[in-house]
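Colleague: In the order they appear, the protein sequences are chains A and B. Mapping the first sequence onto UniProt numbering, position 43 (from 1) lands on 43, and the numbers just tick up by one. Mapping the second sequence onto UniProt numbering, position 742 (from 1) lands on 742, and the numbers just tick up by one.
Some clues are possibly wrong.
Quick list of simulated restraints, FRET-style, between CB atoms [claimed, not checked]:
#, chain 1, residue 1, chain 2, residue 2, range
1, B, PRO393, A, GLY167, 22 to 32 angstroms
2, B, ILE836, A, ALA251, 44 to 54 angstroms
3, B, LEU303, A, THR263, 38 to 48 angstroms
4, A, THR250, B, SER475, 46 to 56 angstroms
5, A, ASP104, B, ARG311, 44 to 54 angstroms
6, A, GLY167, B, LEU471, 28 to 38 angstroms
7, A, ALA251, B, PRO393, 37 to 47 angstroms
8, B, ARG462, A, GLY167, 26 to 36 angstroms
9, B, PRO393, A, PRO121, 16 to 26 angstroms
10, A, VAL43, B, LEU303, 26 to 36 angstroms
11, B, GLY814, A, ASP91, 54 to 64 angstroms
12, B, ARG462, A, VAL43, 45 to 55 angstroms
If we take Cβ atoms under 10 angstroms as the criterion, some of the chain A residues that face chain B in the derived model are [what the hints assert, rightly or not]:
#, residue
13, ALA77
14, PRO121
15, LEU131
16, GLY137
Calculated from the structure, these hints are not laboratory results. Where a beta carbon is used, it is the ideal one built from N, C-alpha and C, also for glycine.
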Amino acid sequence: MTLTMGGAHRPGATRQSGAADTSGAAARAVDVWKVYGSGEAEVAALRGVSVGLERGRYTAIMGPSGSGKSTLMHCLAGLDSVTRGEVYVGDTLITGLGDRGLTDLRRDKVGFIFQQFNLLPTLTAEENILLPLSIAGRKPDRQWYDTVIDTVGLRDRLRHRPTQLSGGQQQRVACARALVSRPDVIFADEPTGNLDSRSGAEVLGFLRNSVRQFGQTIVMVTHDANAASYADRVIFLADGQIVDELREPTAEAVLDTMKNLDTMAAVA
Amino acid sequence: MLRATFKSLLSRKLRLLLSGLAVVLAVMFVSGAFILSDTLGRTFDSLFTNAYDYTDIQVQAKPKVDGGGDGGAVPANIQSTVVGKVAAVPGVAKATGTVAAEGARVVGRNGKVVGGAGGAPRFGINWTGEDQLISLREGRGPQASGEVALNAGLAKIGNFKVGEQVGVLTLEPKKTFTVVGIFGYAGGRDSIGGEQTVAFTEPVAQQLMLGATGVYNVIDVKVADKRDLTKVRDALRAEVGPSYQVDTGADLAKKQSDQIKKALSFVTYILLGFAAVALLVGVFLILNTFSIIVAQRTQELALLRAMGASRRQMIGSVLLEASLIGVVSWLVGLGLGVGIGSGGAFALAKLTGIDDVAGVGVPPAAWIVSFVVGVGVTILAALLPAFQASRVPPVAAMRQAGTADRPLTKLTAAGGVLAAGGGGALAFGLSGKAHDNTIWWVVGGVFVTFIAVALLTPLLGRPVVSVLGRLFAWSVAGKLGRRNSARNPRRTAITAAAMMISIALVTGISTIFTSVSSSVSKIVDQQVQADLIISGQQTSAIPPAIDPVALARVRALSTVDAVAGQAYGAAMIGGKSQFVAAFDDQAAAARILKLKPKIGRVDRLGAGEMVVDEATAKGRGWTIGDQVTIQLPRGEPRQLRVVGTYPSGPGAGGILLSWPDATAGFRTSTAVQAYVKLRPGAVTTAAKGEVDRILADSPEVNVATREEWLGNQTQIFDIVLTIVQVLLGVAMLIAVLGIVNTLVLSVLERTRELGMLRAIGLRRGQVMRMVTVESVVISLFGSLLGIAVGAGLGAAVVRALKDKGITELSLPWGLMVGYVVAGAFVGVVAAIIPAIRAARLDVLKAIAYE
Ligand SMILES: Nc1ncnc2c1ncn2[C@@H]1O[C@H](COP(=O)(O)OP(=O)(O)OP(=O)(O)O)[C@@H](O)[C@H]1O
Ligand SMILES: [Mg+2]
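All chains should be built: construct the whole structure from the sequences, respecting the hints.
Modeller: Right, dumping it as structure tokens:
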């Protein structure tokens, strides 16, 4: 369900219409523009992207390198500000929030999984998993915590430090960390980019499980058609615009679409 | 890419700058010390050259007693017959007997000595009329015994006018004179070097300044032909013999200038001490910076090695960088050194009343020593990291970048061996088996132990830091900061070591001085039974005197039980200078100062008798009944008989003479200090008021209650302690730089981590707290270790001084608590910049940071 908004809207006007549209999206972008630099060096990474990410779904974002996938994700996650347009996480309009507001939003509503595992080497696996809750000063829900640990299969590794874990294990710790605070939405930027295919498959399967079993919302940027096939929906970006989308994709369908995009780009 | 390179270069620049600052400080102090003493030297050289410009030759009698500390040598008198003998020597055109002695103190309108304590000398001279050097500005020279002329400098400070009455303290108590003239010096100067001069008529000058009429202390000689100056000087030497000193004006200028320079050399030593501390701490800082840079560039270095760079090239590149920092810091430091050196010289000269300060100049010694300090030490400190760099294996290029800590075994082993050695030396020293060498064993042990602790810091760091960190573990930010500080024990330790060294130094010195101070005050407190003490502040070569008439009136007070007036000075005994004292009422002194005889008697002393404390008696090999030859500043040598000995102690000690011998032989025949015992039931404050009124005409002396006086006795220690605290300030400043350095690096290294933490919701404030906790844990670790080491080693030295009467071990608790607080404060201050940097981090860039 793509929200297509035509023309240049004044932000005030869009806010009204955006708030009225309660689509049940976990996060939404409304006519988002992101322009880097100015003058000669101006690069428009996003050009009027409008997209809603459904709750309890697994969405993949694909596209050629430089198409704006990471930028879109950062804007949706409250890591980066948009040049124009609006971003909602849940029902909260995050455009215009200050650093403190965005930080708290990320802490309470958003989970992250990065390509490069990004665990704190000074903490054990368990402490890393509980870190977002500690930062927020919240007590973990024991039952949920146990469920997460069992799902990622790390019970016997909890006391280990990141350096004592394999890349796949570290990424599973990162997944558990993102899940344990039950965020509204989890963003993952190429989570399997640094893993071999088996570890990658484990992580992807685990992410899909958390969507199916626990109703978690996940948004994943990937270059890998096979990885994208784990998702419920694939959005294709090219030159900062959404150009296509697939539902219940298969790896072949994703590959075909990618090929089409490439030829389109070649023709253009 | 370019941006990233530029950024990393910039961040490294900051770090290099920080470590360079330590070198800058050290160079500044070293060159400042040299420039200061050079500038002062040239100032005094020209000053005395001016002063003796019109002097051909002077003949003086050699002092009978060496200077040996108190107030310098007492000038010996020259009989007037000698003047004739000198005048008869071929080549001498004119010989004039003159009086020119230090110690004429003019009392100002406020009843105090003009110019206060310290400062330029105060001369009393005989008026010999105007000459090339001296000319009258107003009035005339003194002609009657009640008249004086003042130099213009003195007249200006005291605002004295011709016709006015002034009080003057000399060898005798205050006498009043009429000012009849004001004189200046050649070149329109008010004084030659800020000094005060009072000119009396000849007999008055002789009596008041030399203690006898018909004598001089200087014969001023004018030669017939200047070219024969040295010839005439040598002829004069042959004529007057070895008990006289014959010098040309140039000789005298040099002698006096050298003497003053020596007296002022303490300032140079203080600056050099600061330089030493700055350097000691600075070495750690440089070592740390370069180790960090090398560790950070491991991959880059490995790549270079893989591409075929030789080990020598690697060492060379690190050392080149060090030399660059060294040279730049040296130049900056030298510039600052010129500032504090000439500024300090100017201030000191002004303080002594000198207006013509020599111009700025950098002596060769300042160039050379500061270069060695700045560049040499920087390179030396970078040597170890340079070798580390050369040992990076090429395969490291393929590995994940990570600064895994090398094991601490080598360092620990070295530290352990040194600790054992130092501990052994300490134990041996303290066991008393080393006898006379005790203090050397202990000091050596302290030094070695100190180095051992520095080496063991990384090992100690782990447990201590983990315990300390628990203090802050109540918040996530605190917990994370605590973990971070335990992350690189080696780096934490080197950073903390700078702090440790500075705090250990001051704690050690403070412990020793507090112990000495409390030992002294305890002993004095036990020994001195006086209720009031009359004593004065020395403002010239002549000690402050209590007017005997005033003292007699104090004795006569109904509330006063007994008074023991004391005089003291230097004497020559067996060719050595020795401090001797005497009381005007020996029985009262024995009672008030608790002098108990060991053998013989100590409460009665007739002329020709003396008592001595046991240690001195033992050292000199005297027993009861021995005859001892003593030369006092005035008169011929005396034969004194030892009639008693008493136990030694720092409270009272040394040789006590009879009052008649002392008044005949000392420079002044009055008491310098007096102990007053009140009758039972007398009110101390009321009695003090009465005594105060009686002493109104003795401007240099004051009466103090026992408590006030005891406080004053330990004042000198307070001054030393203050200097030590300033030293700490300098060292702390450098320690701060070290911590900033380490933290900036840590923040840089952990950019990615910080980005992740910010991404998952750590607030800016929490990030800042995290960095601050890390900083505070490091600096607290350093200060606590420093306090422990300093107090321990200071206590060892105090124990070793037990024989010397330092029986009390008192730790400077207040200061120690202060140091911990200062340590925590330093941690917070050091964290400011790194914390802001960490908080300002752009989350997106941090995540993408490679
Ligand atoms: N900080 C920045 N400053 C300037 N331009 C930027 C910045 N970040 C991204 N861009 C530009 O914005 C565009 C989109 O970048 P983005 O990182 O979103 O691409 P991507 O789709 O994630 O690519 P990849 O698959 O290679 O990760 C690119 O053209 C990039 O050069
Ligand atoms: Mg990307």
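Colleague: None of the hints should be skipped; say for each whether it holds.
Modeller: Hints versus structure:
| no. | hint | result |
| --- | --- | --- |
| 1 | B/PRO393 x A/GLY167: 22 to 32 angstroms | holds (24 angstroms) |
| 2 | B/ILE836 x A/ALA251: 44 to 54 angstroms | holds (48 angstroms) |
| 3 | B/LEU303 x A/THR263: 38 to 48 angstroms | holds (41 angstroms) |
| 4 | A/THR250 x B/SER475: 46 to 56 angstroms | holds (49 angstroms) |
| 5 | A/ASP104 x B/ARG311: 44 to 54 angstroms | holds (53 angstroms) |
| 6 | A/GLY167 x B/LEU471: 28 to 38 angstroms | holds (36 angstroms) |
| 7 | A/ALA251 x B/PRO393: 37 to 47 angstroms | holds (43 angstroms) |
| 8 | B/ARG462 x A/GLY167: 26 to 36 angstroms | holds (29 angstroms) |
| 9 | B/PRO393 x A/PRO121: 16 to 26 angstroms | holds (23 angstroms) |
| 10 | A/VAL43 x B/LEU303: 26 to 36 angstroms | holds (32 angstroms) |
| 11 | B/GLY814 x A/ASP91: 54 to 64 angstroms | holds (60 angstroms) |
| 12 | B/ARG462 x A/VAL43: 45 to 55 angstroms | holds (49 angstroms) |
| 13 | ALA77 | holds (8 angstroms) |
| 14 | PRO121 | holds (8 angstroms) |
| 15 | LEU131 | holds (7 angstroms) |
| 16 | GLY137 | holds (8 angstroms) |
Of the numbered hints stated above, none is contradicted by the structure.
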